[in-house]
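Chains A and B, in that order, give the protein sequences.
Its first residue numbered 1209, the first sequence is counted upward by one per residue in the numbering used here.
Its first residue numbered -17, the second sequence is counted upward by one per residue in the numbering used here.
Simulated from the structure, these hints should not be mistaken for laboratory data.
Keep in mind that the hints are not guaranteed to be accurate.
Stretch-level coverage of chain B by chain A, calculated; a stretch enters the list once three of its residues show a Cβ under 8 Å from a Cβ in chain A [claimed, not checked]:
no., stretch
1, 79 to 86
2, 94 to 107
3, 194 to 208
Each pair of labels, with its calculated beta carbon distance range [to be verified]:
no., chain 1, residue 1, chain 2, residue 2, range
4, A, Ala1442, B, Gly54, 57 to 63 Å
5, B, Thr125, A, Ile1506, 29 to 35 Å
6, A, Asp1555, B, Arg50, 48 to 54 Å
7, B, Thr52, A, Pro1332, 56 to 62 Å
8, B, Ala101, A, Val1511, 55 to 61 Å
9, A, Ala1238, B, Glu221, 53 to 59 Å
10, B, Arg62, A, Trp1581, 56 to 62 Å
Partial list, computed: chain B residues near chain A (C-beta under 8 Å) [to be verified]:
no., residue
11, Thr52
12, Tyr74
13, Thr76
14, Val162
15, Asp219
Each residue gets a CB set at the ideal place from its N, CA and C atoms; glycine is no exception.
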Amino acid sequence: MNPRRLRAIIRRVVAEIRRDRPSLALLFIAPILVTGLLTFILREGSTPAVHVAVANAASGPAAVIGDRLASALSYAGMTVTQVADAGAARAMVRDGGATVAIVLPATMASPSASVTVITEGLDPSGDASQIGAVRGVLTDAVASSLGAVLPSVTHETIYGTPSDDPMAPFAPAIVAFFLYFFVYLLTGVSFLRERTGGTLERLMATPVSRGEVVAGYTLGFGVFATIQVAVLLAWALGTVHVPAVGPLPEFSLGLGIAVAGSPLIAFLVVLLLALGAVSLGIFLSTFARTELQVIQFIPVVLVPQFLLSGVLFSVSSLPSVLQPLVAIMPLGYAVDALRQVFIRGADLSVGALQADIAVLAVVAVLFAVVASWTIRRDVV
Amino acid sequence: MMNSSPRPPEPAPGDVAIRAAGLVKHFGELAAVDGITFDLAPGRIYGLLGPNGSGKTTLIRLLTGMTRATGGHAEVLGVRMPDRANLARIGYMTQGDGVYPALTVGENAEFFAAAYGVADRGAVQAALALVELADRRTALAGTLSGGQRRRLSLACALVHRPPVLFLDEPTVGVDPLLRVQFWGHFRSLVDAGATIVVSSHVMDEADRCDELLFIRAGRVIARGSGDGLRAEAGTPDLETAFLHFAGEREVAA
Ligand SMILES: Nc1ncnc2c1ncn2[C@@H]1O[C@H](COP(=O)(O)OP(=O)(O)O)[C@@H](O)[C@H]1O
Ligand SMILES: [Mg+2]
């Protein structure tokens, strides 16, 4: 590794990105925009309007439960229409007159008694929120009709506090994913240009070694990854109040997500992840002929990582056949490590965090070696 | 377009700058280079002449160690290629321009100077002056005209003053006046002791070379000075001479 040559490559990579305004915007503005939007959705999301059709098959004194349920639902702020039977309820949901229907059985006392909830079925998460809206009221009404009162459930967590900020568990995963995504994309595209533009051939005709090229790229992109991580973490964790100026109202900048541990450790984790992403970009650019193809690798390489790394779905809830794949996803280790830091407040003495960091470091080195293999003098 | 400067003296036998020893390169079924052997003495300009696809670029890539030979080997200045350290003594101007469009003219030359391990800042200035781009130093390479980019590419190939220079179709897209200047530079480099291999698919500049190697289908079909080859083939021009040698091989084969 010749320091002069290495420095020349780093300076070149930095100069190229610095002049590429759209890429810079992509690197810094896009993650801020998307995390901001996601936070807004999660925190400020409004409960949808719920219009319930209630059909009650019971008659006589048992029929009173239908009235009781209807008034409890109205009391909870929902619009309620009582209908004659299940068929009418279903028709009402189908025609859009109701967003959800509840069909009560003829008797509640039988052990096989079953309450049917009908939704439209086009939008699973919309349906889920409809069911969520009626469920509490429904169980209370049914319990009281049977003469019971359900105890209230209190949720406590070992780390952090439950549900005070819906964005809190997502923030670490989103920060890691964005960094991985953008660093991969930029490295992949710029290395592809190096291959197709003939400059890699030129570079390989100098005494520069493949290791120097990978190291130069890693450190050059490392500079931007570092700044990106710093900006993104500051944005995610900080809150700066901007006082009202003239006609502008006061507002605050930053997502203000709580972090229990040290932001510096979080920084180290994402940086390791980013170094691996540089090598991944170099490696995959071998298999691409055009910049579009670099983008086409995203569904193949990045989306599975997104799905299997606990960003959206809990890793333990994934099917067991996928578990071995989970173990080889670098992003998963970063997401876990960041959650350890953000929520659990882990420091470097925590074994689970040490393991995550060790894996990320090994992956970064391994990818760098593989990437340098792909820069063969034959492969241009 | 006869060369006015005198031919360099015939070199002493045994003095070899570039050696090809039974070079073969296959791409699948295709033999892009099909058994080429030669010794090139230092201090001369050699022309690799042959139509597109005859294997000139592949031969140069074998000689510079950019690709591994299927058979045989190459030596440059007595060192068997590929050899990374030896690349500091070799300049290679690729057929494509191979410069960074987002960097300025000066940054491109400085980058390749650093890659070749040149510490002297004057070298960059000298190389740019040679190709008459010194006044465009701060222009982005991506904004240059085709001819200017070709000149920058040449500057990047000789910024480290290599004793051996491979130029793959260096004058394609360069205007006639500049071509004359290019050849003037090549001649002065050779006069200073360099060995230059220039490839071309057209014959119009062939007489500027000290020695020509006709390449066809991955083989050297004739070698000699322009006058020598014309005389041997008994033809007035080199195109017809090329066809003569190509036909001769066909008959022999
Ligand atoms: N990397 C490669 N893979 C497959 N075929 C190649 C490759 N490089 C060159 N060739 C083939 O080898 C032959 C010689 O090519 P080349 O050396 O570029 O010729 P020239 O430079 O004389 O035009 C051509 O038929 C070309 O298609
Ligand atoms: Mg060629």
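Take the stretch 94 to 107 of chain B, compare each residue's beta carbon with every beta carbon of chain A, and decide whether three or more fall closer than 8 Å.
-> Satisfied; 6 residues make the cut.
Should the interface hint for aspartate 219 of chain B be scored as holding, given a Cβ-Cβ cut-off of 8 Å against chain A?
-> The hint is violated - aspartate 219 of chain B has no Cβ within 8 Å of chain A, the shortest such distance being about 33 Å.
Would you say the stretch 194 to 208 of chain B counts as covered by chain A, given the rule of at least 3 residues with C-beta under 8 Å?
-> violated (count 0)
Are threonine 52 of chain B and chain A close enough, Cβ to Cβ, to be under 8 Å, as the hint says?
-> Given a least distance of 11 Å, the restraint on threonine 52 of chain B is violated.
Outcome of range test on Cβ distance (alanine 101 of chain B, valine 1511 of chain A; 55 to 61 Å) = Cβ of alanine 101 of chain B to Cβ of valine 1511 of chain A: about 47 Å, so the range 55 to 61 Å is violated.
For the hint on valine 162 of chain B, does the least C-beta distance to chain A fall short of 8 Å?
-> violated (26 Å)
Has the hinted range 56 to 62 Å been met by the Cβ atoms of arginine 62 of chain B and tryptophan 1581 of chain A?
-> violated (23 Å)
Against chain A, does the stretch 79 to 86 of chain B show at least 3 residues with beta-carbon separation below 8 Å?
-> This one holds; 7 residues, not fewer than the three required, reach chain A with a Cβ under 8 Å.
State, for the Cβ atoms of threonine 52 of chain B and proline 1332 of chain A, whether the hinted interval 56 to 62 Å holds or is violated.
-> holds (58 Å)
Verify the interface restraint on threonine 76 of chain B: the C-beta must sit less than 8 Å from at least one C-beta of chain A.
-> The hint holds - threonine 76 of chain B has a Cβ within 8 Å of chain A, the shortest such distance being about 6 Å.
Measuring from beta carbon to beta carbon, are alanine 1238 of chain A and glutamate 221 of chain B in 53 to 59 Å?
-> holds (57 Å)
CB of alanine 1442 of chain A to CB of glycine 54 of chain B, is that within 57 to 63 Å?
-> Cβ of alanine 1442 of chain A to Cβ of glycine 54 of chain B: about 60 Å, so the range 57 to 63 Å holds.
Checked against the numbered hints given earlier, the structure breaks hints 3, 8, 10, 11, 14 and 15 and satisfies all the rest.
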